[in-house]
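K.L.:
So you can see what is in the structure, the chains are spelled out below.
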Amino acid sequence: MATIFEGFIEAFYLLASFDKEIYSIIGLSIFVSMTATILSSVIGILVGTLMGLNEFPLKKTIVKIVYSLMALPPVVVGLFVTLVISRRGPLGNYQLMFTPLAMIIAQTVLITPIITGIIYNQTKEYGEDIREISLTLGGNKIDQTILVMRELKRTIAIATTTGFGRGISEVGAVMIVGGNIKGHTRVMTTFIAMNNSMGNYSESIAMGIVLIVIAVCTNTALHRISGDVR
Amino acid sequence: MKRLLVFLVLVSLLAACTSPTTGPNVESEIILTTTTSTENSGLLTSILGDFTEKTGIEAKVVAVGTGKALQMGMDGEADVLLVHAKESEEAFVADGHGLERFDVMYNDFIIIGPESDPANLKDIEADALRAFEAITESKSKFISRGDDSGTHKQELSMWNRLNIVPGGDFYISAGRGMGEVITMADELEAYTITDRATFLSMADKVESKILLEEDPLLFNQYGVIAVNPEKNVRINSEGANSFVEWILSDSTQELIREFGVDTFGQSLFIPNAR
Numbered sequence: 001m002a003t004i005f006e007g008f009i010e011a012f013y014l015l016a017s018f019d020k021e022i023y024s025i026i027g028l029s030i031f032v033s034m035t036a037t038i039l040s041s042v043i044g045i046l047v048g049t050l051m052g053l054n055e056f057p058l059k060k061t062i063v064k065i066v067y068s069l070m071a072l073p074p075v076v077v078g079l080f081v082t083l084v085i086s087r088r089g090p091l092g093n094y095q096l097m098f099t100p101l102a103m104i105i106a107q108t109v110l111i112t113p114i115i116t117g118i119i120y121n122q123t124k125e126y127g128e129d130i131r132e133i134s135l136t137l138g139g140n141k142i143d144q145t146i147l148v149m150r151e152l153k154r155t156i157a158i159a160t161t162t163g164f165g166r167g168i169s170e171v172g173a174v175m176i177v178g179g180n181i182k183g184h185t186r187v188m189t190t191f192i193a194m195n196n197s198m199g200n201y202s203e204s205i206a207m208g209i210v211l212i213v214i215a216v217c218t219n220t221a222l223h224r225i226s227g228d229v230r
Numbered sequence: 001m002k003r004l005l006v007f008l009v010l011v012s013l014l015a016a017c018t019s020p021t022t023g024p025n026v027e028s029e030i031i032l033t034t035t036t037s038t039e040n041s042g043l044l045t046s047i048l049g050d051f052t053e054k055t056g057i058e059a060k061v062v063a064v065g066t067g068k069a070l071q072m073g074m075d076g077e078a079d080v081l082l083v084h085a086k087e088s089e090e091a092f093v094a095d096g097h098g099l100e101r102f103d104v105m106y107n108d109f110i111i112i113g114p115e116s117d118p119a120n121l122k123d124i125e126a127d128a129l130r131a132f133e134a135i136t137e138s139k140s141k142f143i144s145r146g147d148d149s150g151t152h153k154q155e156l157s158m159w160n161r162l163n164i165v166p167g168g169d170f171y172i173s174a175g176r177g178m179g180e181v182i183t184m185a186d187e188l189e190a191y192t193i194t195d196r197a198t199f200l201s202m203a204d205k206v207e208s209k210i211l212l213e214e215d216p217l218l219f220n221q222y223g224v225i226a227v228n229p230e231k232n233v234r235i236n237s238e239g240a241n242s243f244v245e246w247i248l249s250d251s252t253q254e255l256i257r258e259f260g261v262d263t264f265g266q267s268l269f270i271p272n273a274r
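Just so you know, the protein sequences line up as chains A and B, in that order. With the first letter of the first sequence counted as 1, position 61 gets the number 61 in the numbering used here; the numbers rise by one all the way through. With the first letter of the second sequence counted as 1, position 255 gets the number 255 in the numbering used here; the numbers rise by one all the way through.
Just so you know, the hints here were simulated from the structure itself, not pulled from any lab data. Just to be clear, a hint being listed does not mean it is correct.
[Stated by the list, open to error] BS3-like mimics (lysine-lysine), calculated; alpha carbons at most 30 Å apart, straight line:
hint, chain 1, residue 1, chain 2, residue 2
1, A, Lys153, A, Lys141
2, B, Lys231, B, Lys86
3, B, Lys153, B, Lys205
4, B, Lys86, B, Lys153
5, B, Lys68, B, Lys86
6, A, Lys60, A, Lys153
7, A, Lys141, A, Lys64
8, B, Lys68, B, Lys153
9, A, Lys153, A, Lys124
10, A, Lys20, B, Lys54
11, B, Lys231, A, Lys182
12, A, Lys182, B, Lys54
13, B, Lys231, B, Lys68
14, B, Lys122, B, Lys205
15, A, Lys59, A, Lys124
16, B, Lys153, A, Lys182
17, B, Lys205, A, Lys20
18, B, Lys231, B, Lys54
19, A, Lys182, B, Lys68
20, B, Lys205, A, Lys182
21, B, Lys139, B, Lys209
22, A, Lys59, A, Lys141
23, B, Lys86, B, Lys209
24, A, Lys182, B, Lys86
Model the full assembly from the supplied sequences, consistent with the hints where possible.
P.N.:
In structure tokens:
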């Protein structure tokens, strides 16, 4: 019990001392996950809305694939991204392995299906009605699609927050493509995994607290948004 | 909604600014794969700054087991290796994957275990093989690295000499790094073999004790190898050679000797480059 208590005390000291290493790790985590979420949102919202509003060949299969991809294990994503970006891989020329960009790519692969799936789901439920409204107001196909996206703001917010939550809390993908390199690709989750393995409990706890706080804030935002009455 | 978006973008940019960027002196990078034991001991964190100062090259350290480090070398995914499995390293060079192998430093392996010492290693003096036998005979728990690392290879060589195939309920193959295995051994009150440096750096965090040491069979040699640049165009061969030169240089060897003396009263790694 004493170790746990001590760990928490030291954790607070660590956070309060504004240790440069710790804060740059936190910063990198947020940067990577947020960038990935933004990229995923752009793709996901577009694709999800279009899928929800239109018919196209093999739609049923593609929908099933998107839903399945939502459950992609992060470590598997890391593995597949590595195969592509490592020096031997097709994108080897860009030397992306062990860089923050690689981590952003991996998380984007992870998060895009999630956002696409959520947006698609809501769009197919409500999209048609919204589109009809746009149609009666004289909108063309593009106007209709844009109106759908705007009306489903809440869904978008939910999807994005869910995506971000997934990104910031995963460790498998960023560990494999990033390598947990000190000063370059060390993020909160890989930091915790490493320090825990070395028995550095106060550091792990400190970072764990920050991660939990971020997760809680993200989820609170999620609830507020989804509970919002328009 | 718009304000939220703007706020998020700002936070993201702010976060990016607090992220570490490479220092002003850095001109290029090398990928150095090394073992978890070297990394966990803190040696590299301590001395690599000197390398960057002297050469302007930043060494990105990827800590994996020796087996994986060698594999990354074979695949051309790393520029230089710092590992501790001499036989495998020599095979690596003989097969053309590396240019040349150099001795860098050594320390020794030790067998650690619980205070209760069910296998009675305390009564065995400097005889690792007897110790391994005792552990098997008493069916005491033993944690193996199980990850093709230098330490794992060392452990396997012991079992080989005894003609024992380790297995059964008492033999736990972890598949993890040295630090993790030490923590596991502590938690499960098991024995394990570890390099002295990693154990010392964690000694105050675990209850395991050194129960067997100083058998010449436990000698642990570290070597450095620059990956053969003919593997692919992206290997930073210049950087790799600079690293090899630097780590074999007198001043770095001295840095290695000094590492740990203040905290532990002894060198954790003993330099022996020629």
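K.L.:
Now, for every hint given, state plainly whether the structure supports it.
P.N.:
Here is how each hint holds up against the structure:
no. : hint                  : verdict
1   : A:Lys153 <-> A:Lys141 : holds, 19 Å
2   : B:Lys231 <-> B:Lys86  : holds, 22 Å
3   : B:Lys153 <-> B:Lys205 : holds, 26 Å
4   : B:Lys86 <-> B:Lys153  : holds, 10 Å
5   : B:Lys68 <-> B:Lys86   : holds, 15 Å
6   : A:Lys60 <-> A:Lys153  : holds, 25 Å
7   : A:Lys141 <-> A:Lys64  : holds, 26 Å
8   : B:Lys68 <-> B:Lys153  : holds, 13 Å
9   : A:Lys153 <-> A:Lys124 : holds, 15 Å
10  : A:Lys20 <-> B:Lys54   : holds, 24 Å
11  : B:Lys231 <-> A:Lys182 : holds, 27 Å
12  : A:Lys182 <-> B:Lys54  : holds, 19 Å
13  : B:Lys231 <-> B:Lys68  : holds, 17 Å
14  : B:Lys122 <-> B:Lys205 : holds, 22 Å
15  : A:Lys59 <-> A:Lys124  : holds, 12 Å
16  : B:Lys153 <-> A:Lys182 : holds, 27 Å
17  : B:Lys205 <-> A:Lys20  : holds, 24 Å
18  : B:Lys231 <-> B:Lys54  : holds, 27 Å
19  : A:Lys182 <-> B:Lys68  : holds, 19 Å
20  : B:Lys205 <-> A:Lys182 : holds, 22 Å
21  : B:Lys139 <-> B:Lys209 : holds, 19 Å
22  : A:Lys59 <-> A:Lys141  : holds, 19 Å
23  : B:Lys86 <-> B:Lys209  : holds, 27 Å
24  : A:Lys182 <-> B:Lys86  : holds, 27 Å
When held up to the earlier numbered hints, the structure conflicts with none and fits them all.
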